[in-house]
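This is what each chain is made of:
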Amino acid sequence: MEEKAVSFYWRGFKERYGLVGSKCELCSRHFFPGRVICPECRRKGKMHEHRFSGKGKVYSYTVIRTPPTGFEIYIPYVVAIVDLEEGARVVSQLVDVKPEEVSIGMPVEACFRKIREQNQSGLVLYGFKFRPLK
Amino acid sequence: MAVGIVGYGAYIPRWRIKSSSIAEVWGSDQGRTNSLVDEKAVSSLDEDAATMAVEAGKSALLRAGINPKDIGALYVGSESHPYVVKSTSSIVAEALDATPDLTAADLEFACKAGTAGMQMAMGLIESGRIKYGMAIGSDTAQGRPGDELEYTAASGAASYILGSRGLIAKINDTCSYTTDTPDFWRREGEEFPRHGGRFTGEPAYFTHVLAATRALLEKTGTTVEDYDYFVFHQPNAKFPLKAAKTLGIPAGKIMQGLLVSQIGNTYSAASLLGLAAVLDVARPGENILLTSFGSGAGSDSFSITATDLITKKRRLAPFVKNMIAVKEYIGYAHYIKFRRKLKGAMR
Ligand SMILES: [Zn+2]
Chain A
82 MEEKAVSFYW
92 RGFKERYGLV
102 GSKCELCSRH
112 FFPGRVICPE
122 CRRKGKMHEH
132 RFSGKGKVYS
142 YTVIRTPPTG
152 FEIYIPYVVA
162 IVDLEEGARV
172 VSQLVDVKPE
182 EVSIGMPVEA
192 CFRKIREQNQ
202 SGLVLYGFKF
212 RPLK
Chain B
126 MAVGIVGYGA
136 YIPRWRIKSS
146 SIAEVWGSDQ
156 GRTNSLVDEK
166 AVSSLDEDAA
176 TMAVEAGKSA
186 LLRAGINPKD
196 IGALYVGSES
206 HPYVVKSTSS
216 IVAEALDATP
226 DLTAADLEFA
236 CKAGTAGMQM
246 AMGLIESGRI
256 KYGMAIGSDT
266 AQGRPGDELE
276 YTAASGAASY
286 ILGSRGLIAK
296 INDTCSYTTD
306 TPDFWRREGE
316 EFPRHGGRFT
326 GEPAYFTHVL
336 AATRALLEKT
346 GTTVEDYDYF
356 VFHQPNAKFP
366 LKAAKTLGIP
376 AGKIMQGLLV
386 SQIGNTYSAA
396 SLLGLAAVLD
406 VARPGENILL
416 TSFGSGAGSD
426 SFSITATDLI
436 TKKRRLAPFV
446 KNMIAVKEYI
456 GYAHYIKFRR
466 KLKGAMR
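Read top to bottom, the protein sequences are chains A and B. Add 81 to the 1-based position in the first sequence for our numbering, that's all there is to it. Add 125 to the 1-based position in the second sequence for our numbering, that's all there is to it.
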């Protein structure tokens with residue numbers, strides 16, 4: 082797998098570690114990944130950094146059996162679209178659950194996991210995933 | 126200045142392997158009968174000491190109810206830091222939103238690195254240098270396949286936020302006992318640790334745990350009768366039970382904090398998870414004595430008293446008991462894959 086420069090991953094740490102996106106103070110819409118300009122309010126909008134609570138529900142999901150490079154060891158695993166309680170929508174791996182246990186509408190919460198390791202000598206890349214809400 | 130615990134959090138991964146599954150592969154029940162460990166907690170493929178430290182840290186923040194930016198020092202004690210060079214503590218601080226105005230460091234002292242972090246944070250708080258300090262013990266411990274350690278080496282994390290106000294438990298005093306005793310070690314580049322066999326008992330565990338505990342009792346002018354709970358480092362169930370017996374502690378006072386039979390030895394997290402299990406049930410005014418042990422070797426001992434706030438605060442994050450109960454068993458083959466012990470595997 083072609084790895085990008087360290088700075089590329091590093092720039093995404095805050096967003097990926099803490100599920101940090103943005104919120105428009107004018108219309109209260111939430112965005113993940115964060116945006117600089119609100120697509121609704123445009124110039125009038127006031128965007129602020131927002132750390133999502135991590136609580137949400139499964140909007141849809143799929144079971145990955147043919148994985149991209151770097152994810153081979155996890156198969157079969159679940160990737161879901163999660164509706165965050167604030168309103169934004171994120172795509173993420175679901176963990177601590179078997180594919181047959183997942184259902185649409187299932188309450189989930191963010192957890193902190195390894196996303197992948199570059200290789201034996203490379204970086205360990207961390208970030209949020211989701212697990213069933215206990 | 127009063128110093129104590131403002132919040133605490135535990136994390137135990139979901140997976141378990143039964144000692145009987147390990148015994149079946151190696152054709153001997155010796156490891157199980159020697160350790161009295163029935164099953165141990167195993168981390169997932171995407172978990173390590175950093176991720177578990179973050180999970181435990183989140184729970185500690187929920188209970189403390191403080192702004193993570195007010196944490197002035199963050200220490201992660203582990204013998205399984207993901208990198209040899211590159212701090213775990215910075216990953217944890219970033220994920221918990223405690224960056225950038227804090228000091229952070231990774232600590233190593235086998236199984237007592239977490240309690241060493243607590244002492245360091247206490248000093249900074251008492252001297253007025255920081256408002257809050259976070260000390261974490263987190264490990265994904267490894268045992269060589271077939272070694273007796275394989276029955277006990279487990280994964281888990283515990284996090285403590287210390288401060289001087291809003292205490293759920295006051296730390297009355299602490300003291301330590303340290304000597305150069307090579308009971309257990311792992312050299313750079315080596316995957317699995319080595320241990321001195323029977324040497325781990327008398328000159329290592331018992332000498333240090335008993336000496337630190339006795340020194341604390343003497344220093345504080347207290348006796349065994351003054352404490353409602355005792356928590357000792359638990360590399361197996363036999364050692365803490367024997368230490369309690371030697372000190373004249375009734376077995377009933379150590380059972381609440383004795384988790385090793387159900388989750389294994391979580392190394393840096395072991396005594397701190399035991400303390401978390403006690404804080405989950407302790408009543409205001411009850412006294413707790415905690416003594417860790419780290420190979421190499423040393424023990425840190427703490428005298429702790431629960432405050433009125435504890436009953437309200439502990440409900441704000443998951444209890445140890447519930448984390449032990451939420452589990453899924455894996456067999457030996459999956460365990461080997463999870464712990465990445467398979468050489469030459471395609472992935
Ligand atoms: Zn807007």
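Just so you know, these hints were derived from the structure itself, not from any lab. A few of these clues could be false.
[Claimed, not checked] Derived coverage of chain A by chain B (criterion: at least 3 residues anywhere in the stretch with Cβ under 8 Å from a Cβ of chain B; other residues may be distant):
1) 95-101
2) 192-200
[What the hints assert, rightly or not] Calculated Cβ distances over 12 Å to all of chain B for the following chain A residues:
3) Phe-89
4) Arg-116
5) Ile-118
6) Tyr-142
7) Tyr-155
8) Tyr-158
9) Glu-167
10) Gln-174
Cβ atoms here follow ideal geometry from the backbone N, Cα and C, with glycine treated the same way.
Tested hints:
Evaluation of the coverage hint for the segment 95-101 of chain A: fulfilled, as 3 residues show C-beta separations to chain B shorter than 8 Å, against a requirement of three. Evaluation of the coverage hint for the segment 192-200 of chain A: fulfilled, as 5 residues show C-beta separations to chain B shorter than 8 Å, against a requirement of three. With a least beta-carbon separation of about 17 Å from chain B, A/Phe-89 lies farther than 12 Å from that chain, consistent with its non-interface assignment. With a least CB separation of 20 Å from chain B, A/Arg-116 remains clear of the 12 Å interface cut-off, as annotated.
Every CB of chain B lies more than 12 Å from the CB of A/Ile-118, the least distance being 25 Å, so the non-interface label holds. Consistency note on A/Tyr-142: stated as away from chain B, and its beta-carbon is indeed over 12 Å from all of that chain's, at 17 Å minimum. Chain B draws A/Tyr-155 into its interface by the beta-carbon criterion, the shortest separation being 6 Å against a cut-off of 12 Å. For A/Tyr-158, the requirement that its beta carbon stay farther than 12 Å from each beta carbon of chain B is not met, with the minimum near 10 Å.
Listed as outside the interface, A/Glu-167 is consistent with that label: its C-beta sits roughly 17 Å from the nearest C-beta of chain B, beyond the 12 Å cut-off. At roughly 8 Å from the closest C-beta of chain B, the C-beta of A/Gln-174 falls inside 12 Å, breaking its exclusion from the interface.
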